Structures are given as C-alpha cells and as structure tokens.
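If you read the protein sequences in the order shown, they are chains A and B. Its first residue numbered 9, the first sequence is counted upward by one per residue in our numbering. Its first residue numbered -18, the second sequence is counted upward by one per residue in our numbering.
Among the hints, a few may not be true.
Stated by the list, open to error - Restraint ranges, calculated between C-beta atoms of paired labels, are given here:
no. : chain 1 : residue 1 : chain 2 : residue 2 : range
1   : A       : G63       : B       : G14       : 48 to 54 Å
2   : A       : L42       : B       : E160      : 31 to 37 Å
3   : B       : D206      : A       : Y67       : 35 to 41 Å
4   : A       : Y67       : B       : G89       : 34 to 40 Å
5   : B       : R299      : A       : A28       : 36 to 42 Å
6   : A       : Y67       : B       : A392      : 42 to 48 Å
As the list claims (entries may be wrong) - So the derived list for chain B, only partly shown, Cβ under 10 Å to chain A, looks like this:
no. : residue
7   : Q60
8   : T64
9   : Q84
10  : M239
11  : S240
12  : A250
13  : V275
14  : T276
15  : G368
16  : D375
17  : T388
18  : E390
19  : A392
Hints in this document: simulated from the structure, not taken from any laboratory. These figures come from a predicted structure and were not determined experimentally. Beta carbons are placed, not taken as given, at the ideal position from N, Cα and C, and that holds for glycine.
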Amino acid sequence: MRIGRTVAGRQARAAWMFLAPGLALLTLFTAWPLLRTAYLSFTEYSLLTPPEWVGLANYRELLGDDQVTNAFQNTVIYAVVVTPVTIALALGLAMALNAKFFGRGLVRTAVFVPFVVSLAVVSIAFRFLLDPNYGLVTHWLDGVGLAPTQGALAQPGTAMAAVMAVGVWKNVGFYMVMFLAGLQSIPRDLYEAAQLDGASRLQKFRAVTMPLLSNQTMLVSILAAIASFQVFDQIKVMTNGGPAMSTETLVVMVNRVGINNLEFGYGSAVSVVLLLLILVLSMAQYFYFGRKQVRY
Amino acid sequence: MRTIRRTCGAALAAVALVGVAACSDGASSGDGGPVTLTMWHGLTGPDGPAFQEVVDNFNDSQDEVTIEAEALPWDSLYQQFLTAATSDDGPDLVAMSASRLPQYAERGVLGSTDEFYADDTYMDTSVLAEGAVQASVYDGVNYGVPLNLGPVLMYWNKALFEEAGLDPEAPPTTWEEFEEMIPDLTVDEDGDGTPEQYPIAMGDHSTVPVFPSFLWNGGGGVVSDDGTTSLLGDAATVAAAEHWVNLVREEQITPVGMSGADSDQLFQAELAAITINGPWMTAGLTEAGLDYDVTVPMAGPEGQSILGDVVSMTISQRLTDAEKDAAFTFFAYWESVESQATWANGSGFPAIRTDMPGDAVTNEWAAVFGAPEVLENVRPYLTGVPGSGEINEDIFTPALQSALNGTGEVADLFPAAGEEIQAILDDGS
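In isolation and in its complexed conformation, chain A is listed as follows (with noise of 0.2 Å):
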C-alpha cells in the first residue's frame, strides 16, 4: 500500500510537473481574461482611466441597444448558414476524395489549401475579386447576367452572402481532413457485411457511415459553430462590419465598441454575452450528439 501510494504519488507529482508550463498559460492567457472580461463587462471603462463599477448598467444598456440587437441577428444568419454548409460540403468532399483515383493528393490538397492561407490575405483577395470595376468575380458574374447593380460587397444582402461564401471556402477544407480521418477509421469488413446484405449506397451510408462518424460529427459542428460565432478576420477586413452595419456580428462590434469608441465596460459585457451563447450551443450540441454518439 505504502508503495503503491509513493508510486502514485510520484506520477502525480510527475503529472503536475508537465501540465504546470500549459496550465500556467492557460490561466494567462484563457482564463485570467476571461475573469478580467466579466468582471470590467460590470465597469465603465476607457482604457486610460481607472475602471468605475457600474454594476448591472452595460447589460441593461445592451438589453435596448438596436446596435447588439443587429449584431446577434447577423451573427446567428452567419451561424446557421455558415455551419451546416461547411459540415455538408466538408462531409460530402471527404466522401468523394476517400475513394482511390488518380490526382486524389493534389485534389486533397487545393481543398486543404485555403486553410492554411492567412484570413486576411484571403479578405484582401476576395474584395479585390468581388470588386465591381475590376473584380474577376464579378466580370464573370456579368457574363452571366448576375452582377450586382453595385458591387457585392456595397449592398447588404450580397455582402453578407460574400463573407459567408468566403468563410466556408476558407474553412471546408479543415474539417474535410477530420471527417477523412473519421472515415479511414471505419473498418472495411462493416461496409463489406453490409454488400453481403444487399445494402445500397445510401443505406450504408445512413447505417454505417454516419453512425461511426457521429464523434467527428460532434467535434467538427462544435468546432464550426464556434469558429462561425467567432467570425472576425474575414468580415473586419471585406466589409468592417458594413454597408449599414449589415455585416457586423458581435465579436466585430466588441473590436469597434472597444478599440474604436474606448467603451471597454460595454464591450466586455457583449463579450460575455457571445461567450454565455456560445457555452449554451456548445452543451446542447454536446448532449445532442453524445446521445447519438456510436461506440464499437
């Protein structure tokens, strides 16, 4: 017993040591300003000056300001299109690029790509492409008859479908990597049981794959549905929030509320409210998927 415990107790020793360098970072950078965020989200505060408790005064001020309002609308437009697409896309092109053809890497690859190139040069490009004087995009667009009147991103409707369209480009490929991964995991013998019972394409796909995937399911739509919450790069440097702030989402306006009009107080309080909406969708995803969640 008493050996068994010193062992222990070495391992746990052991154990703290190497999580000592990550958890101290953790709490550096995660956790100390998360703590700082709400406890300033109860202050007015500029930055230059000392913060001045206010208590409850930011979120009665959000709870009327049309400004939030507009901003969760088009954060949750984002969300909802934005997540299920890139989940469709990435599950449909990992599908497609794990069965053996010729070029099957360099295909993985171009889709992969976008990526791993940084937001902001993908932003930069993108509004260039969709310029409406000289854009490829929408010379293309014209060619066709569907040009917009005025350029894509000067309009509210097409600009938040741009930033949208470019969000899912951007992203799809990264979650395409996980759902191979998923799919390569799945042994073959289950597919092959399923021929032998006459299964269709469609049947296996619903019986067998979906099911075996259901933990990178769970993973990725957590993952996007954050990242789309999240979104800031992309719309900060296509449209900054604009035209008309139809394009800005919460964490867009936290950037201009706080670095731009010095309102830190009540930046942090929409901060806190984006982390509350994001901890809710995150646990009800969780439960969602962990009930369908398949073990073999």
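Given chain A, work out where chain B should sit, using these hints.
Here is chain B on its own, set in the frame of chain A:
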C-alpha cells in the same frame, strides 16, 4: 540604439495587445542636457519623405533636441498609442487627426500646448491659419500645433470633360451646373443600367467626409459648430441629404459602398469625371499621367464651405518642462517659413502659414490648395467633439449607407440618427 529602440517598441506593441505591458519606450531627457523625443505619425505616403526631411534638418540644425520620428499607418498608430498610453509609455509626440484629439484630451493623455501660443517665446503664432490652430482646441484648451492642413477640393478630369462635349476648363461651380452635366458625364455603353463611367466618385466610408460638406452647403450639417447640438434631423440637413441620395439612387452619379481608396482608384482609372479629395491625391494622379485640374468644390444653395482636414502634433501629458520646451522648439521649427516651404514643395500640401513669401512655394498644387480664398473658407469636421469617431463612423455613416442602398429613407433615418448623436453629445458635455 535606434534598432534596439524600434525592436523594443514593436515588442511593446505586441505585448500590450495581450494586456501585459513589460517594456519601456520612454524618451531620454537629461538634466539640462540634450533631449531626445520620440514622435509617431501616420504620414506613410508621398508626404512621409517631406516630413522626414524637415525633421532631419531640425536635428542637424542644433545639438539640444533630437526628434526620432516613426511612421505607422494611421489605424495602427491610434491602436498602439492607445495601449502605450495606458502604461504611461509610448511616444512623447504624436501626430493625429484633430477630430481624434478630443478623445485622448478628455482622458488626460495629452498635455496642453497653450504655452506655445501664449506669447512670442517660440514664434508669432498669429501667422498660422486660424482654422488649423482652432482644430486642436478642446474644452477651451489647445492640445496641438498643426502639422498639416488638407483642404478638400474638387478634382476634374479634363479629358473626360472634353470627350463628353463639355468645356474642359469649366468644371461645375454649383450643384445645378453639376446636375446639368450628369447625362453627359455618364457613360453606359452596354446599356445594362450600370454605368461604365460615372460623373463623380464619392466614397461613403473610410474616407474624407465629403457628404457632410454637402450637408453644410445645403444649410445643414451633422453637428453644430460649437459641438453641442445634432443637426442631422434638421429640415435643411434632410433636404440636402435627400437631394444627393436621390442623385445617387436615381441618376447613379457614383457607385455606392466605396471606401475612400476605392473612390480614388475609380477616379485614377478614369472611370469617374469628378472627385472631391485632399492634396495628398495630386502626386499619384500626376504620376499616372491624368489630365486633371483642381478647384473649389461646387457651391450649394446655402454656401461653399470647404472641408479642411487637420493633423495636429500633440504632446504626451507626462513630458517634463524641459521636454515640453524641446517639443515646442521643434514645433516652431516646423512652422518656420523655410520648413513650410520644404513641406509644401515636397508634399503638395499647402503651407500652414498665411504669410509665406510669394516665391517660397513652387509646387503648383500646394499653391492651389493654399490659396487665400481656400484657407479662409476651410471648415474642420467634428473637431472639439469627444465622440467624433462614434458619431461619424457608427451613426452617420450607417444612416447614410442605408439611405444610399435604398434600405431606408433619409426622412426616417437621419432624424433617428440625429437623436443618437444628440445623446452622445449630451453624454460628453
């Protein structure tokens, strides 16, 4: 030493962004010895070398004060200055748009420059353009000394005027004259309803505030001159805004949704016949070989105010008396006839002094932008208003964009936006 300081500054900016200030970038000031002052500015275009030339001349002219000037893009400058100021660190001198200045002055980050204007110790400041000096006044205290004054004038493409059958030497002088020219200056070759050439290029965001100057010339405005009252809901403002919004929506005089850079590009590519912009645009257009000229913007029914963009040199509140004296010595050197000639000839900006000798400024554009009738009518936008950024970017611009996009009407959008602006003004008072 310079490399170390720069490296340290870059590290400071990076560290400050994650909330940990750990590096000192302060200026050195000996006890009665030579003083070194760091200065941040955003003159990253063709005006940068002209500014640096004056700084180098100043550093070479004496041994008591050294100015170490560093150019950063304006956006980065404001963000980095903000984080640097919180740790009571950062540059000793900062050049910033006069409309941004109250935001920092209000919070005690900047020091007063009233002493510079108090007597003739440093220079006779009465020779400086009054509008440029007043632009840095907040709450009765002057927090800056003008670095530049950029009147916003009307550029027109003479070749496009000629192609349209118009007199290339006769740009529109009034709104009515411009409206008469719209059919001639609009080219829709393929007849798809989207012009290939527009009469005018006007950005509606991230640009010099051209639309507010239209509101002035229609008898309205965004905020009253004393910065206490919102004018956006006034009948004259709404009428002026409706006039221009209708021209954009119905006559397609300009594309909507353009930033200032997009607008510049459109004019430079000869896809628009007119644009309204500051002197910084002349170098690029001349280099591109455009056949253009510049004049005062077309007058509205209620006047012809000329928008004047002012950049002021400000000082940190933490400067000692010796450092402040050194800063004011540099400011006086900057405003000298010799330096202003170097600046105007090198940049195309007008001199800030109103008493420049006739032969001192040889740059033709500097002379146009610095003409007495221009400088006398220059009107700054939102200077002295603490919430200027929020008013212009978060309230006025979205309301204007909604109107231009047709997602709302001026008569509804502007009065509502005016109420929001009034709330900010009341908060700041």
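A quick look at each hint next to the structure:
A C-beta distance of roughly 51 Å is found between G63 of chain A and G14 of chain B, which places it inside the suggested range of 48 to 54 Å. The supplied range of 31 to 37 Å is broken by L42 of chain A and E160 of chain B, whose beta-carbon atoms lie about 57 Å from each other. D206 of chain B and Y67 of chain A have their C-beta atoms about 37 Å apart, which keeps the hinted 35 to 41 Å range intact. Checked against the hint of 34 to 40 Å, the C-beta distance between Y67 of chain A and G89 of chain B comes to roughly 28 Å, which is inconsistent with it.
Checked against the hint of 36 to 42 Å, the pair R299 of chain B and A28 of chain A passes, with Cβ atoms roughly 39 Å apart. Between Y67 of chain A and A392 of chain B the beta carbon distance is about 34 Å. The supplied range of 42 to 48 Å is therefore violated. At its closest, the beta carbon of Q60 of chain B sits 6 Å from a beta carbon of chain A; the interface hint therefore holds under the 10 Å criterion. Because the beta carbon of T64 of chain B sits about 8 Å from the nearest beta carbon in chain A, less than 10 Å, this interface hint is met.
Because the closest C-beta pair between Q84 of chain B and chain A is about 7 Å apart, less than 10 Å, the hint holds. The beta carbon of M239 of chain B comes within 7 Å of a beta carbon in chain A, closer than 10 Å, and the hint placing it at the interface holds. Interface hint at S240 of chain B: satisfied, since its Cβ lies 9 Å from the closest Cβ of chain A, which is below the 10 Å cut-off. Hint on A250 of chain B holds. Least Cβ distance to chain A is approximately 7 Å, under the 10 Å limit.
Among the interface hints, the one on V275 of chain B is violated; its C-beta lies about 23 Å from the nearest C-beta in chain A, farther than the 10 Å criterion. Hint status for T276 of chain B relative to chain A: violated, with the closest Cβ pair at about 26 Å, above 10 Å. Annotation: G368 of chain B was flagged as interfacial toward chain A, and the flag holds, the nearest CB pair being 8 Å apart, inside 10 Å. For D375 of chain B, the shortest C-beta to C-beta distance to chain A is roughly 7 Å, which falls under 10 Å, so the interface hint holds.
Because the closest C-beta pair between T388 of chain B and chain A is about 6 Å apart, less than 10 Å, the hint holds. With its C-beta approaching chain A no nearer than about 13 Å, E390 of chain B sits outside the 10 Å limit, and its interface hint is violated. This hint is violated: A392 of chain B has a C-beta 16 Å from the nearest C-beta of chain A, more than the 10 Å allowed.
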